[in-house]
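Participant: Sequence:
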Amino acid sequence: MACDALLPSVDQLEYVLTVVGVLCVGKAALRGIWVIVIGVRAHFCSRLWDKRLVDVYGKWAVVTGSTDGIGKAYARELAKRGVNIVLISRNLDKLKNVAREIVEDYGVETDVIQVNFCDGLPIYDVIKKHLANKDIGILVNNVGMSLTCPMKFNQVTESSIWGHVNVNMASVPAMTHLLLPGMLTKGRGAVVNIASITAIYPAPLLGIYAASKSFVDSFSQGLEWECRGSGVTIQTLTPGLVTTNMTKFSSLLHKTNVFSPSPATFAYHAVNTLGYARRTTGYWAHGIQLFVLENFFNQWFYMHGCSLLMHYVAKNKKNK
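Heads up: the sequence shown runs through residues 13 to 332, numbered per my numbering.
Wrong hints could be hidden among the right ones.
[What the hints assert, rightly or not] As a list, the in silico DSSO-like pairs of lysine-lysine whose alpha-carbon atoms are at most 30 Å apart:
#  : residue 1 : residue 2
1  : K71       : K92
2  : K63       : K108
3  : K146      : K71
4  : K108      : K140
5  : K92       : K106
6  : K71       : K108
7  : K63       : K140
8  : K164      : K327
9  : K92       : K140
10 : K198      : K71
Derived by calculation from the structure, the hints in this document are not laboratory data.
Using the sequences and the hints given, assemble the complete structure.
Facilitator: Written out as structure tokens, the structure is:
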């Protein structure tokens with residue numbers, strides 16, 4: 013009798029669990045489909061049409077940290093598409109060389125501004141005066157720094173801490189504050205903020221770098237919502253590993269392959285996504301990496317694996 017009385021309850025529980033299971037599977041399936049659709053639109057559909065960046069955004073682009081790595085490659089990619097380039101960096105000789113290369117290769121106009129973003133607030137008056145008479149349509153907040161190699165936080169120098177604050181963090185809202193008002197007035201423009209995949213998944217032994225990029229990611233996402241409907245595009249890039257000067261300390265990390273592209277390859281794909289994705293890794297293979305991390309690894313597993321990798325890299329770093 014007692015068993016017979018329990019049968020309806022067991023049947024009801026089985027029904028509830030079945031419904032919950034179907035809903036969970038359905039949610040996961042819909043999320044997966046949505047991610048695939050967004051990825052296809054950003055990384056593949058964007059390559060089917062030739063977007064005239066000058067017509068959509070304006071004649072000039074400002075690229076910070078533009079003498080090496082992603083910044084230089086992004087500036088060259090924009091110039092290839094007919095955009096005039098303002099290069100901002102700290103080394104005047106490198107600035108002049110990159111500007112000359114761009115003019116010779118793509119026939120656009122260039123300008124250079126020599127400042128050191130480590131210097132903080134005073135440099136922005138210099139930049140503002142220099143850009144006063146230019147129709148700036150695109151701002152690429154790329155300038156950044158990292159630790160010389162993975163290390164525990166108690167080994168990080170005070171100057172490196174403030175470098176991350178001034179270069180990686182403060183430069184993004186400061187440069188945006190200079191140029192966004194003009195874009196909003198014209199009802200067109202784009203601000204591209206380059207964060208990192210470590211903004212989403214922290215990196216032990218690179219904690220201060222990851223935290224600084226998390227600031228960029230959060231600021232950029234909030235600003236994007238503010239600017240919807242204004243005609244101004246705010247895009248956040250969260251790339252994975254790209255073979256730049258920041259990876260030279262490690263022979264393991266400083267290898268170009270499908271998941272660790274050259275700056276030129278990354279920039280080509282990233283520029284294609286402008287106007288097609290608000291927040292993206294910028295490169296299709298990094299998108300796959302992020303999808304796998306988000307859907308098949310929990311936080312503990314990721315952190316443990318990343319910690320082992322960073323300790324190995326730190327132990328086996330190359331002498332520069």
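Participant: Hint by hint, note whether the structure agrees.
Facilitator: Results for each hint:
{"no.": "1", "hint": "K71 / K92", "in the structure": "holds (13 Å)"}
{"no.": "2", "hint": "K63 / K108", "in the structure": "holds (29 Å)"}
{"no.": "3", "hint": "K146 / K71", "in the structure": "holds (9 Å)"}
{"no.": "4", "hint": "K108 / K140", "in the structure": "holds (20 Å)"}
{"no.": "5", "hint": "K92 / K106", "in the structure": "holds (19 Å)"}
{"no.": "6", "hint": "K71 / K108", "in the structure": "holds (20 Å)"}
{"no.": "7", "hint": "K63 / K140", "in the structure": "holds (29 Å)"}
{"no.": "8", "hint": "K164 / K327", "in the structure": "holds (12 Å)"}
{"no.": "9", "hint": "K92 / K140", "in the structure": "holds (26 Å)"}
{"no.": "10", "hint": "K198 / K71", "in the structure": "holds (13 Å)"}
Of the numbered hints given earlier, the model fails none.
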